[in-house]
Amino acid sequence: MNINLKIEVKIEGKTTVAKFTGEFDKAGFSDVREELMGLISGFKGARLVFDFTHVRFINSEGIGFLMEAHSNLKDNDQQLVIVGANAHVLDVFQTIGLSDLVPLYKSMKDLTELE
Amino acid sequence: MRFLMISLARKVFLAFLIVGGLVYAVYRFLPEFFVYGVFGALVLILGFLWWHFFRPLKALMFEVQNLLAGKPYKKIFSLRIDEVGVLSYFFNKVTASLGEVSGDIKDRRRMIGELQIASQLQRDILPEGATLNDLVGMDLVAKTKPATELGGDIYNFFTLRDRTFIYIGDVTGHGVAAGLIMTMVNSLIAVFADLYDSPYEILVNVNRYIKRHVKKAMFMTLVMLCWDNKTQKMSYVGCGHEHILVYRAATGVCEAIVAGGVALGMVPDNSKVIKELPLDLAVGDLVVLYSDGLTEARNGATGELFGLERLKELVVEYAPEDEPEGVHYKIATRVSEYCAGHDQGDDMTLIVMKIKN
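Quick note, the sequences are listed as chains A and B, same order. In terms of the working numbering, the first sequence opens at residue 1209 and continues consecutively. In terms of the working numbering, the second sequence opens at residue 5 and continues consecutively.
Same shape as in the complex, but just chain A (with noise of 0.2 Å):
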């Protein structure tokens, strides 16, 4: 079976990183939905951070998964945060608004340093 979207999640001392590898669109989003909506049902912490470096595609239908996301987080009073958007996929980001509403990050080491 073609796998699309692969998913490793790892904790990277307080931060929970959810690392995507593949293209965020309808078929790639069913091959990490489980575990997606298992990772966020079941976070704790206070940031969840998805590393985009490795995705190569998003489209609307990945949008709305990362709007769904972002939304129940914050319903708790969570945040998501994106690191490592390639040009493309940041500009799917600009274009719908979701970087109006997701804090955006150039890769890990900007967040980090951020902090």
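Hints listed in this document are in silico derivations from the structure and should not be mistaken for laboratory results. Be a bit skeptical, because a hint or two may be false.
Listed below are several chain A residues computed to face chain B (Cβ distance under 10 Å; list not exhaustive) [as the list claims (entries may be wrong)]:
#1 Ile1211
#2 Glu1220
#3 Asp1233
#4 Asn1267
#5 Phe1273
#6 Asn1280
#7 Leu1306
Estimated spans, in silico, between C-beta atoms of each pair [as the list claims (entries may be wrong)]:
#8 Leu1247(A) / Lys79(B): 50 to 58 Å
#9 Asn1280(A) / Val68(B): 56 to 64 Å
#10 Ile1211(A) / Ser11(B): 38 to 46 Å
#11 Asp166(B) / Gln1302(A): 47 to 55 Å
#12 Gln69(B) / Arg1241(A): 49 to 57 Å
#13 Ile1211(A) / Val262(B): 29 to 37 Å
#14 Gly117(B) / Thr1261(A): 30 to 38 Å
#15 Thr255(B) / Lys1314(A): 53 to 61 Å
#16 Arg1241(A) / Val180(B): 15 to 23 Å
#17 Glu1243(A) / Ser11(B): 56 to 64 Å
#18 Val105(B) / Glu1243(A): 46 to 54 Å
#19 Arg1264(A) / Ser101(B): 39 to 47 Å
#20 Met115(B) / Asn1280(A): 31 to 39 Å
The C-beta atom is built at its ideal place from N, Cα and C for all residues, glycine as well.
Since the structure of chain A is provided, determine the placement of chain B on it from the hints.
Okay, now just chain B, sitting in the frame of chain A:
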């Protein structure tokens, strides 16, 4: 089951053995009744064959014929554990499966029928003919190509109180859910356009309603253009939609203007994140609106996205020589050629309009 099964051949053999024994006993001890004995034996054998073999087979064949002829058939009740029992069991199982398949086919036909009705209703919502040549100020051509029966893309144009509104929108994903939201947004825009004059106010109110009634993962990007027929000026409000392409006739350059704003349904109140901005246009300029299904169409051979740059190049290539209808047709053809051999992943919508004298 197999070890319990007594075959018909064994039954017949046993029957012959018993009847043969009886005939022999009559012949041995009551030779004067031998003829009656033989006759009785024949009647017994024929009766046995009729009861155990021909009668159940006839009943089975009757139901099989009904099934093949498309007539009503009955389940065959049998407690037998021979070939007839096995055949009856097989018939009952096959007809039960056929019943289920037939039910599935009926359900599928019903759902396809309903989808076709919904699809037609959705097409009916879109402006008839999709051209706007009767309007003072511009020529316009708009078309949409859904990825499935129901699309999540929308476009519309209408004139109210000397203002012409032109908009294009794209709901997350495609299919039934997207189609329902698309229809809902279209109705909301019509309602709020009656109440408010500015595209800004219309979209702030549409968003408020959408956010309350649509699940978190769904939203709609939209850009609304407003042409003031009195002042002959264009303005726009972006809600997270794709760029507005403007081909400047004077310079031959295609500008990609960021629509801006946040998609409808993303925040409870978008009044601070969307705004009405002027769109300076001159006579002969061409405006192109599109949904991301077009720029994200993938090449059949390489999987590469069509992209914004290719679209801009096509606009520059065709705008100087063609009217909106020609530009629309040629762009749509080039996109189709580009993604030939690759499934259409998303709905595609393209609007081309030209400012007239």
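Of the hints stated earlier, which fail here? 1, 2, 10, 11, 14, 15, 18
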